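Given the coordinates of chain A, work out where chain B should sit on it, guided by the hints.
Heads up: the protein sequence lines correspond to chains A and B, in order. First residue of the first sequence? That's -15 in the numbering used here, and the numbers climb one at a time after it. First residue of the second sequence? That's 249 in the numbering used here, and the numbers climb one at a time after it.
Any given hint could be a false lead.
[Claimed, not checked] Heads up, incomplete: computed chain A residues facing chain B, CB under 10 Å, no partners named:
| no. | residue |
| --- | --- |
| 1 | Gln67 |
| 2 | Ser68 |
| 3 | His74 |
| 4 | Lys86 |
| 5 | Ala128 |
| 6 | Leu135 |
[To be verified] Simulated DEER-style distance windows between Cβ atoms:
| no. | chain 1 | residue 1 | chain 2 | residue 2 | range |
| --- | --- | --- | --- | --- | --- |
| 7 | B | Gly481 | A | Leu153 | 30 to 38 Å |
| 8 | A | Ala284 | B | Phe457 | 53 to 61 Å |
| 9 | B | Ile367 | A | Ser23 | 34 to 42 Å |
[To be verified] Pairs of lysine to any residue, SDA-like flavour, derived with a Cα cap of 20 Å:
| no. | chain 1 | residue 1 | chain 2 | residue 2 |
| --- | --- | --- | --- | --- |
| 10 | B | Lys436 | A | Ser68 |
| 11 | B | Lys451 | A | Tyr58 |
| 12 | B | Lys451 | A | Phe37 |
| 13 | A | Lys151 | A | Arg124 |
| 14 | A | Lys92 | B | Ala454 |
| 15 | B | Lys451 | A | Thr55 |
| 16 | A | Lys86 | B | Trp453 |
| 17 | A | Lys86 | B | Ser250 |
| 18 | B | Lys451 | A | Val52 |
| 19 | A | Lys86 | B | Phe456 |
| 20 | A | Lys115 | B | Leu437 |
| 21 | B | Lys451 | A | Arg124 |
| 22 | B | Lys451 | A | Pro91 |
| 23 | B | Lys451 | A | Met75 |
Hints listed in this document are in silico derivations from the structure and should not be mistaken for laboratory results. Remember, it's a predicted structure, so these values are computed and weren't measured experimentally. Heads up, the beta-carbon is just placed ideally off N, CA and C, and yes, glycines get one too.
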Amino acid sequence: MAPLIRLEGLTKRFGDTIAAEDVTLDIVEGELFGLLGASGSGKTTLLRLLGGFEVPTTGRVLIDGVDVTMTPPYERPTNMVFQSYALFPHMTVAANVAFGLKQARLPKQQADARVEEALELVQLTGLGDRKPSQLSGGQRQRVALARALVLRPKVLLLDEPLSALDKKLREQTQFELMRLQRQLGITFVMVTHDQDEAMAMCSRIAVMDRGRVIEMGTPRAIYERPQSRFVADFIGGANIIDAEPAGPGRVGLPGLGIECVMTDALPTKGWVALRPERIALSHAPVAGGPWPAGLIEAVAFHGDFQMYRVRLDSGVELRVATSNVPGDPGPGERAFLSWAADAPVALTR
Amino acid sequence: MSAATARRRGVLALPWIWLGLFVLAPFLIVLAISLSSAGYGSPPIDFFVGWQHGHPTFNINLDSFTLLASDSLYIRGFFNSIAIAGATTLLCLLVGYPMAYVMARAPARLQPLLVMLVILPFWTSSLIRVYAWIGILKENGLLNGLLLHLGLIGQPLVVLNTPIAVQIGMVYAYLPFLVLPLYATLQKLDWTLLEAAADLGAKPWAAFFCVTLPLSWPGTLAGALLVFVPASGEYLIPELLGSSSLPMISTVLWTEFFGNRDWPMASLIAVMLLLVLAIPLLFLRGGNAPDSMSGAGRV
Chain A
-15 MAPLIRLEGL
-5 TKRFGDTIAA
5 EDVTLDIVEG
15 ELFGLLGASG
25 SGKTTLLRLL
35 GGFEVPTTGR
45 VLIDGVDVTM
55 TPPYERPTNM
65 VFQSYALFPH
75 MTVAANVAFG
85 LKQARLPKQQ
95 ADARVEEALE
105 LVQLTGLGDR
115 KPSQLSGGQR
125 QRVALARALV
135 LRPKVLLLDE
145 PLSALDKKLR
155 EQTQFELMRL
165 QRQLGITFVM
175 VTHDQDEAMA
185 MCSRIAVMDR
195 GRVIEMGTPR
205 AIYERPQSRF
215 VADFIGGANI
225 IDAEPAGPGR
235 VGLPGLGIEC
245 VMTDALPTKG
255 WVALRPERIA
265 LSHAPVAGGP
275 WPAGLIEAVA
285 FHGDFQMYRV
295 RLDSGVELRV
305 ATSNVPGDPG
315 PGERAFLSWA
325 ADAPVALTR
Chain B
249 MSAATARRRG
259 VLALPWIWLG
269 LFVLAPFLIV
279 LAISLSSAGY
289 GSPPIDFFVG
299 WQHGHPTFNI
309 NLDSFTLLAS
319 DSLYIRGFFN
329 SIAIAGATTL
339 LCLLVGYPMA
349 YVMARAPARL
359 QPLLVMLVIL
369 PFWTSSLIRV
379 YAWIGILKEN
389 GLLNGLLLHL
399 GLIGQPLVVL
409 NTPIAVQIGM
419 VYAYLPFLVL
429 PLYATLQKLD
439 WTLLEAAADL
449 GAKPWAAFFC
459 VTLPLSWPGT
469 LAGALLVFVP
479 ASGEYLIPEL
489 LGSSSLPMIS
499 TVLWTEFFGN
509 RDWPMASLIA
519 VMLLLVLAIP
529 LLFLRGGNAP
539 DSMSGAGRV
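With the rest of the complex left out, here is chain A (with noise of 0.2 Å):
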């Protein structure tokens, strides 16, 4: 199936600052696309890019076939719903939402259906009077993707959409966008700083560093099978440790002075990541060994599981994650480590 969205080679550099280095990627049709990234990463310059807000210095941007790259906002079949939402304080929700249609001069009674439309969709029906002032932030931001929707885009962008709500309120719209975006099967583009919400509701994420995309896959993919460092440590964190290859399914770890089983492939000297989660802790040595021991420097209690960090004899420090660990040892005490075969991901850069 061709593509959707098509970034082609594009770079972005506002003065001497590179904000999007060489980006190209595909977005197939009906995707739920997470552009994440830490702030300064590009990944609002390469959404601005999307909607035509910017025009990039090198690089094409196709949607559906033709070349937008060009093509100011008002012609693309993209819409937005900004992160400070953007709406138009002098006018009422409606008026907002119409906004679009009327733009399009599309007769006034079909607008008027298809706002009361849009309204229903994002539950806001009977608010179509309001000022945007008399609104909550959630209505605020549902307001905004009526508005958006109701151009029944090709593509939905989303800067931050869930940033400036509370928590509760995120996780409510989160499953709230999920939906709309299922039911209308409308492509939407996300950029998030928030890798939890990246990963519950993307059907694919490229992590995005100094301009650049570093990974792209599903969420399960970038979480369990990083291929950098730079990945396996901004997702959900990893004890990243120098390997060397040590024969066929075996791994060499230096700086903790062990080999240990590993079925993931490291074909040259690279790093491998372990999960927290992925490490047992152990008060007496664990059999099948060597695996390596050292001191409990710190526990931090997090509910539904503690986070340790382990001072290895070798000098390295992992954390380990986990519950339930019999005699709840503490700072000070002795600890043992191992994990399964699965556990390290081989990392090549």
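Chain B only, in chain A's frame:
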């Protein structure tokens, strides 16, 4: 009532005391003079309220009212003043809106400089600036010199002492009063709203008319009033640049007061001018009901 409440009420009363002393009281004096008769004393009026043989006497003189209504000089003066002030406001809007817009969209570090440039002429006395226009507009002045030199005209244009000269001078003098409040409003405008408008299919001009213009309305209105109200009472510019080519109400008032020493007439003109300006303003305020965002650019 606690001391704090009393103090707060005292502070709140201050503007009212100020308005009472320096606006209402003088206005009432002027109103009273307009109802009195001209006299030969000093001041040259016979006050309409007197005291004779232990009784108060009232001698209200309405001659000025009948004269004002019957002599076309006054009507023409009012008309000319309002027309010139209206044209000045319109021209200032046409020139000033783009200026304020460009200033508000200029890079942030340039903006203080641009504001400075708008304010800079105020550092020279307005009398001198109006005189400078005489030097530009007179028959052998800079404008004619330039146009003759470029060969665009064969004969010097007669601009000075015509209504056109008055108009040029007025627009020049009042432009900053429109630009500054408008700039203040536009500068606070959230430009993301224009991106949103574009995103929803509005071409740049449509976005301007649907978003920028309505949201800058408070500043536009404030600026237009700051131009229109003082411009309709302007005396200096019509006198210096227009000579007597265009009788304005301010020049008529001057003549009544200093030339004819007819204080009641001069006062009546002042009262009428105030009414002519104030009544439409009351309607304007009533029509522009306060809502959540209209306070943004009030000056």
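For each hint, the structure was consulted:
1. Satisfaction of the interface hint for glutamine 67 of chain A is found here, the shortest Cβ-Cβ separation to chain B being roughly 9 Å, below the 10 Å cut-off.
2. The beta carbon of serine 68 of chain A is positioned within 10 Å of a beta carbon in chain B (closest approach about 6 Å), and the interface hint is therefore held.
3. A hinted interface residue such as histidine 74 of chain A counts as satisfied when its beta carbon comes closer than 10 Å to some beta carbon of chain B; here the least separation is about 5 Å, so the hint holds.
4. This hint holds: lysine 86 of chain A has a C-beta 8 Å from the nearest C-beta of chain B, less than the 10 Å allowed.
5. Given hint, alanine 128 of chain A at the interface with chain B, holds; its Cβ is 8 Å from that chain's nearest Cβ, closer than 10 Å.
6. With its C-beta approaching chain B no nearer than about 7 Å, leucine 135 of chain A sits inside the 10 Å limit, and its interface hint holds.
7. Between glycine 481 of chain B and leucine 153 of chain A the beta carbon distance is about 57 Å. The supplied range of 30 to 38 Å is therefore violated.
8. For the pair alanine 284 of chain A and phenylalanine 457 of chain B, the supplied restraint of 53 to 61 Å holds, since their beta-carbon distance comes to about 58 Å.
9. Look at isoleucine 367 of chain B against serine 23 of chain A: about 38 Å separates their beta carbons, and that is inside 34 to 42 Å.
10. The straight-line distance between the Cα atoms of lysine 436 of chain B and serine 68 of chain A is roughly 15 Å, inside the 20 Å bound, and the hint therefore holds.
11. Taking the CA atoms of lysine 451 of chain B and tyrosine 58 of chain A, the gap is about 6 Å. The hint holds against a cut of 20 Å.
12. The suggested pairing of lysine 451 of chain B with phenylalanine 37 of chain A holds, with an alpha-carbon distance near 13 Å, which does not exceed 20 Å.
13. Between lysine 151 of chain A and arginine 124 of chain A the CA atoms are separated by roughly 16 Å; this keeps the pair inside 20 Å, and the hint holds.
14. A C-alpha spacing of about 18 Å is found between lysine 92 of chain A and alanine 454 of chain B, which places the hinted pair at or below 20 Å, so the restraint holds.
15. With a C-alpha separation of about 12 Å, the suggested pair lysine 451 of chain B and threonine 55 of chain A falls inside the 20 Å cut-off, and the hint holds.
16. Annotation: proposed proximity of lysine 86 of chain A to tryptophan 453 of chain B holds, straight-line Cα distance about 14 Å (limit 20 Å).
17. Restraint check for lysine 86 of chain A and serine 250 of chain B: the C-alpha separation of about 58 Å exceeds 20 Å, so the hint is violated.
18. Of the supplied pair hints, the one linking lysine 451 of chain B and valine 52 of chain A holds, its CA atoms being roughly 16 Å apart against a limit of 20 Å.
19. Taken as a hint, the lysine 86 of chain A and phenylalanine 456 of chain B pair is honoured in the structure, with Cα atoms around 15 Å apart against an allowance of 20 Å.
20. With a C-alpha separation of about 18 Å, the suggested pair lysine 115 of chain A and leucine 437 of chain B falls inside the 20 Å cut-off, and the hint holds.
21. Note on lysine 451 of chain B and arginine 124 of chain A: the hinted pairing is violated, with a Cα-Cα distance of about 24 Å set against a maximum of 20 Å.
22. With a CA separation close to 19 Å, the supplied pair lysine 451 of chain B and proline 91 of chain A stays within the 20 Å bound.
23. Of the supplied pair hints, the one linking lysine 451 of chain B and methionine 75 of chain A holds, its CA atoms being roughly 18 Å apart against a limit of 20 Å.
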